[in-house]
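Student: Chain residues, written in single-letter form:
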Amino acid sequence: MEFSPVLYIAIPLFAAFLIPLLGKVSKTLVKLTPGIVFLYLSYGSILLFPKAMEKPIVQVVAGFKPPFGISLYYGATAAFLITMVTIVGFVIWLYSYKFIIREPIEKYYMLFMMLITGSTGILLTGDMFNMFVFLEITSIAAYSLTAFLRDKDGAEAAFKYLLIGSFSSTFYLLSVMIIYSYTGTLNFADIAGKIDLIPPMAKGFVLVLVLVGMGIEAEMFPLNGWAPDAYSQAPSPVGAVFGGIVVKAGLYAMIRIVFLFFKTPEVMQFLIFMGILTLLIAEMAAMRQHQIKRMLAFSSIGQMGLVIIALGIGTMGSTSAALFQMFNHALIKSLLFFAAGYLVFHSGSKQIEDLEGLGYDKPVTSFFFAVGALAIIGLPPFSGFWSKLLILVSVAKAGDIAILLLILTGSVIEAIYYLRAVVKLYTRKEVPDNVRRTPISGLVAMGILAAIILYVGLYPGVIEKWLAPAANNLLNAADYIKAGLF
Amino acid sequence: MLYYIGAISLILIGMYAVLTKKNLLKIVVGLSIVDSGVNLLFISVGYVKDATAPIFSMPSLTADKMVDPVPQALVLTAIVIGLATTAVALGLVIRLYDHHKTLNINKIRQLKW
Numbered sequence: 001m002e003f004s005p006v007l008y009i010a011i012p013l014f015a016a017f018l019i020p021l022l023g024k025v026s027k028t029l030v031k032l033t034p035g036i037v038f039l040y041l042s043y044g045s046i047l048l049f050p051k052a053m054e055k056p057i058v059q060v061v062a063g064f065k066p067p068f069g070i071s072l073y074y075g076a077t078a079a080f081l082i083t084m085v086t087i088v089g090f091v092i093w094l095y096s097y098k099f100i101i102r103e104p105i106e107k108y109y110m111l112f113m114m115l116i117t118g119s120t121g122i123l124l125t126g127d128m129f130n131m132f133v134f135l136e137i138t139s140i141a142a143y144s145l146t147a148f149l150r151d152k153d154g155a156e157a158a159f160k161y162l163l164i165g166s167f168s169s170t171f172y173l174l175s176v177m178i179i180y181s182y183t184g185t186l187n188f189a190d191i192a193g194k195i196d197l198i199p200p201m202a203k204g205f206v207l208v209l210v211l212v213g214m215g216i217e218a219e220m221f222p223l224n225g226w227a228p229d230a231y232s233q234a235p236s237p238v239g240a241v242f243g244g245i246v247v248k249a250g251l252y253a254m255i256r257i258v259f260l261f262f263k264t265p266e267v268m269q270f271l272i273f274m275g276i277l278t279l280l281i282a283e284m285a286a287m288r289q290h291q292i293k294r295m296l297a298f299s300s301i302g303q304m305g306l307v308i309i310a311l312g313i314g315t316m317g318s319t320s321a322a323l324f325q326m327f328n329h330a331l332i333k334s335l336l337f338f339a340a341g342y343l344v345f346h347s348g349s350k351q352i353e354d355l356e357g358l359g360y361d362k363p364v365t366s367f368f369f370a371v372g373a374l375a376i377i378g379l380p381p382f383s384g385f386w387s388k389l390l391i392l393v394s395v396a397k398a399g400d401i402a403i404l405l406l407i408l409t410g411s412v413i414e415a416i417y418y419l420r421a422v423v424k425l426y427t428r429k430e431v432p433d434n435v436r437r438t439p440i441s442g443l444v445a446m447g448i449l450a451a452i453i454l455y456v457g458l459y460p461g462v463i464e465k466w467l468a469p470a471a472n473n474l475l476n477a478a479d480y481i482k483a484g485l486f
Numbered sequence: 001m002l003y004y005i006g007a008i009s010l011i012l013i014g015m016y017a018v019l020t021k022k023n024l025l026k027i028v029v030g031l032s033i034v035d036s037g038v039n040l041l042f043i044s045v046g047y048v049k050d051a052t053a054p055i056f057s058m059p060s061l062t063a064d065k066m067v068d069p070v071p072q073a074l075v076l077t078a079i080v081i082g083l084a085t086t087a088v089a090l091g092l093v094i095r096l097y098d099h100h101k102t103l104n105i106n107k108i109r110q111l112k113w
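So the sequences go chain by chain: A and B.
Quick note: the first sequence uses this note's numbering, first residue 1, plus one each step.
Quick note: the second sequence uses this note's numbering, first residue 1, plus one each step.
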């Protein structure tokens with residue numbers, strides 16, 4: 001059977017609705033379904049990935065040719081990010097297998113599948129309103145997952161996220177409306193061709209609405225108030241979902257729209273500026289955190305700042321470096337959340353203080369945390385090193401020393417607080433012996449991630465050769481318009 | 001024009017409620033007022049005076065006598081999404097009330113920003 005891009009949306013959605021039914025039959029089936037879905041999707045990625053790198057695949061849904069119908073655009077960038085989503089999703093499933101033991105598990109997996117549907121939808125769609133729908137699918141699943149543990153703080157974090165999130169989608173919907181009222185179309189490629197029909201005033205307004213709307217999902221400063229609470233109150237695998245999948249999809253949406261419609265030097269300058277603010281403020285906030293998951297959340301915001309800076313520079317080199325960094329961050333931050341999840345579980349406390357001595361009691365989990373920490377700081381031989389290096393090189397090439405220094409400052413702060421946590425782990429201290437062990441599925445999940453991180457660190461070429469087509473696809477609006485309208 | 005003003009003032013009223021009210025339920029009501037405002041605004045964009053639905057089986061109907069059907073289809077979707085969001089929000093409010101026995105947002109706020 002021919003694998004078509006629409007299956008990336010259809011299969012997780014189908015699985016999401018199948019899971020509650022399977023729950024009536026057997027819990028094991030419920031647990032296995034997401035894994036099968038991810039295996040099938042990665043099989044699809046293997047088939048489609050090389051094709052998409054050469055030429056974008058445009059899939060017409062429901063038989064209306066673009067610009068009238070909804071079309072899916074599976075270009076190089078989308079292919080790259082969707083492959084990333086499938087990998088991360090698969091490991092998150094593996095990790096959840098033994099981590100989510102609390103009922104109702106079928107609801108957890110259902111929402112998880114919904115979230116995957118929404119995120120791949122955002123990455124794939126070529127239609128502005130369709131993107132809004134997928135954004136909302138993602139957000140509603142994310143709100144519910146945040147409150148999954150049914151505790152006080154979870155509900156509060158979820159409500160906060162919901163408030164901010166609904167504003168984000170309202171703003172985005174308003175921008176869709178303004179664009180539609182001037183151009184009379186919703187297809188990205190078609191709008192990009194007709195963008196001059198919008199008067200400058202309205203165009204500026206639309207830009208602000210899009211930046212605010214999608215900036216909330218992409219954790220751009222100052223719109224990221226939801227992130228630390230949601231990350232730290234949700235179950236650990238959900239933290240990995242947010243950092244690895246949701247945020248990446250939001251950022252892709254924002255950048256796709258900005259690069260297609262509003263690519264002027266001023267806007268790019270503004271992106272760099274916001275990126276720097278996001279990076280520095282988040283890193284400083286992370287420094288002050290006493291809870292490990294809050295620290296990881298702020299670090300995730302900081303990393304997104306770094307990516308936004310690199311995208312704002314907008315050269316070929318910096319864009320591919322930004323994509324590389326997105327890929328690395330998704331894997332490394334998932335690894336950190338996985339390890340932190342079990343460390344918190346073993347020590348029974350979310351405070352960094354209480355992790356003291358766990359490095360000797362739980363050597364394997366702590367080792368994986370240390371690997372993640374070193375990788376995200378950007379030390380060789382891990383993959384984080386190459387993407388950070390590429391970003392720095394591309395910034396230096398663009399000739400802006402001030403930005404270079406600010407990024408380095410951010411990285412130094414980051415190194416300090418990560419190393420502080422790692423040192424805490426390996427400070428010798430008598431810990432009461434506890435018999436709880438990290439289950440094998442969790443260890444395998446972390447092992448896979450660590451192996452990929454190390455492998456990409458040693459042979460960056462495996463990822464690097466795909467970056468150029470992906471970055472080219474993101475930067476080159478003319479190609480997008482041509483392919484999107486055929 | 002009147003439609004635009006009405007819709008925009010609905011959005012503003014909703015935002016005012018979300019930003020200033022301390023009661024969780026009032027905040028949720030505010031959110032759904034914002035939703036309605038955006039939906040109305042969207043509908044007004046496609047509105048044509050004295051026009052009717054675009055039914056192609058009526059031969060006397062010409063294109064300038066039709067309203068734009070696209071915004072209506074979109075708004076239908078947006079209404080459903082708004083309903084889902086409101087439902088989730090109300091569910092969370094119930095859970096917050098169970099834990100805290102209050103709906104006042106100042107007394108609930110435990111997580112720092």
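Because the hints were derived from the structure by calculation, they are not lab data.
Don't take every hint at face value.
Claimed, not checked - Below are the BS3-like pairs computed for lysine-lysine, each with C-alpha atoms no more than 25 Å apart in a straight line: (1) A:Lys152 <-> B:Lys21; (2) B:Lys107 <-> B:Lys22; (3) A:Lys350 <-> B:Lys107; (4) B:Lys107 <-> A:Lys152; (5) A:Lys152 <-> B:Lys65; (6) A:Lys194 <-> A:Lys65; (7) A:Lys98 <-> A:Lys350; (8) B:Lys21 <-> A:Lys263; (9) A:Lys55 <-> A:Lys65; (10) A:Lys152 <-> B:Lys49; (11) B:Lys107 <-> B:Lys49.
Stated by the list, open to error - Footprint (simulated), chain A over chain B, 3 or more residues, beta carbon under 8 Å: (12) 47–54; (13) 57–66; (14) 80–89; (15) 94–101.
To be verified - Among the chain A residues that face chain B by a calculated CB cut under 7 Å, a handful are: (16) Arg102; (17) Phe129; (18) Tyr143; (19) Leu149; (20) Ala155; (21) Ala158; (22) Leu162; (23) Thr170; (24) Leu173; (25) Asp354.
Heads up, the beta-carbon is just placed ideally off N, CA and C, and yes, glycines get one too.
Student: Quick check: which numbered hints come out false for this structure?
Tutor: Numbers 5, 8, 10, 11, 12, 13, 16, 19 and 25 - these are the hints that the structure violates, sorted from lowest upward.
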